[in-house]
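Work out the full structure, taking the sequences as your base and the hints as a guide.
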Amino acid sequence: MDKNILSKLTYGMYIISTKHEDKMAGFVVNTLTQIAEEPDMIAFAVRKASATGNLIEKSKRFTASILLEKADMDMVGEFGFKSSDEINKFEKVGYKLDKNGIPYVTQDTAAWMSCKVENITDVGSHFLITGRVIDGEVLSDGAVMTYNGYKEKKNKSSGWRCTVCGYVYEGDELPEDFTCPWCNVGTEFFEKVN
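For what it's worth, my numbering labels the leading residue of the sequence shown as 2, then goes sequentially.
Don't read these hints as lab results, they were simulated from the structure. Just so we're clear, the structure is a prediction, and the values are computed from it rather than from any experiment. What you were told as hints is all true, and nothing was included just to trick you.
With a cut-off of at most 27 Å between alpha-carbon atoms, the simulated DSSO-like pairs for lysine-lysine come out as follows: (1) K24 / K93; (2) K83 / K152; (3) K9 / K71; (4) K9 / K155; (5) K152 / K193; (6) K117 / K24; (7) K154 / K9; (8) K193 / K157; (9) K24 / K49; (10) K193 / K71; (11) K61 / K24; (12) K155 / K93; (13) K117 / K59; (14) K157 / K93; (15) K83 / K157; (16) K117 / K49; (17) K59 / K83; (18) K152 / K9.
Label-pair ranges, simulated between beta-carbon atoms: (19) P40 / D173: 53 to 59 Å; (20) N101 / F179: 38 to 44 Å; (21) T147 / D75: 16 to 22 Å; (22) G187 / T147: 26 to 32 Å; (23) R48 / G187: 22 to 28 Å.
We treat Cβ as the ideally placed atom computed from N, Cα and C, and that holds for glycine.
See below:
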């Protein structure tokens with residue numbers, strides 16, 4: 002089978018967040034979809050080893066922030082390529098708490114939804130999490146980010162691109178001891194881009 006067929010599916014870009022006890026966590030997904038309207042239900046997939054997924058299992062609550070096309074790529078990189086077990090992803094980003102104390106990203110966000118977990122299904126390498134939408138609001142009428150738009154945006158940058166995660170170091174020369182701030186690999190994983 003040609004795996005490239007899956008790259009032709011259209012996706013958005015979202016930040017899923019949760020909180021259990023005093024620990025907040027979040028990550029980027031591109032698999033969020035509405036699956037019912039009475040009641041309003043959404044679903045997304047999460048890798049089994051995900052710190053955020055583990056906290057969602059405990060809290061039974063999550064939020065989904067729909068990113069704007071203009072979203073800061075460093076924010077996307079922080080939420081997409083770093084573990085909530087290692088850093089506080091909310092330290093450098095605008096966010097608020099929903100009525101249940103679950104964080105949602107407000108920076109570069111078109112809308113957000115607060116959800117209660119209804120079901121967690123094992124689907125192989127991932128869990129499929131289904132949630133009932135219980136609150137939310139539109140924050141901006143701006144264009145939303147798509148996965149293809151994200152890829153185009155990261156590919157247009159000039160400098161040195163990480164071949165693992167797509168981070169771009171802007172500059173003519175890459176420092177010898179440089180490590181990617183998103184995925185922590187060394188200079189051997191960077192390629193020059195114009």
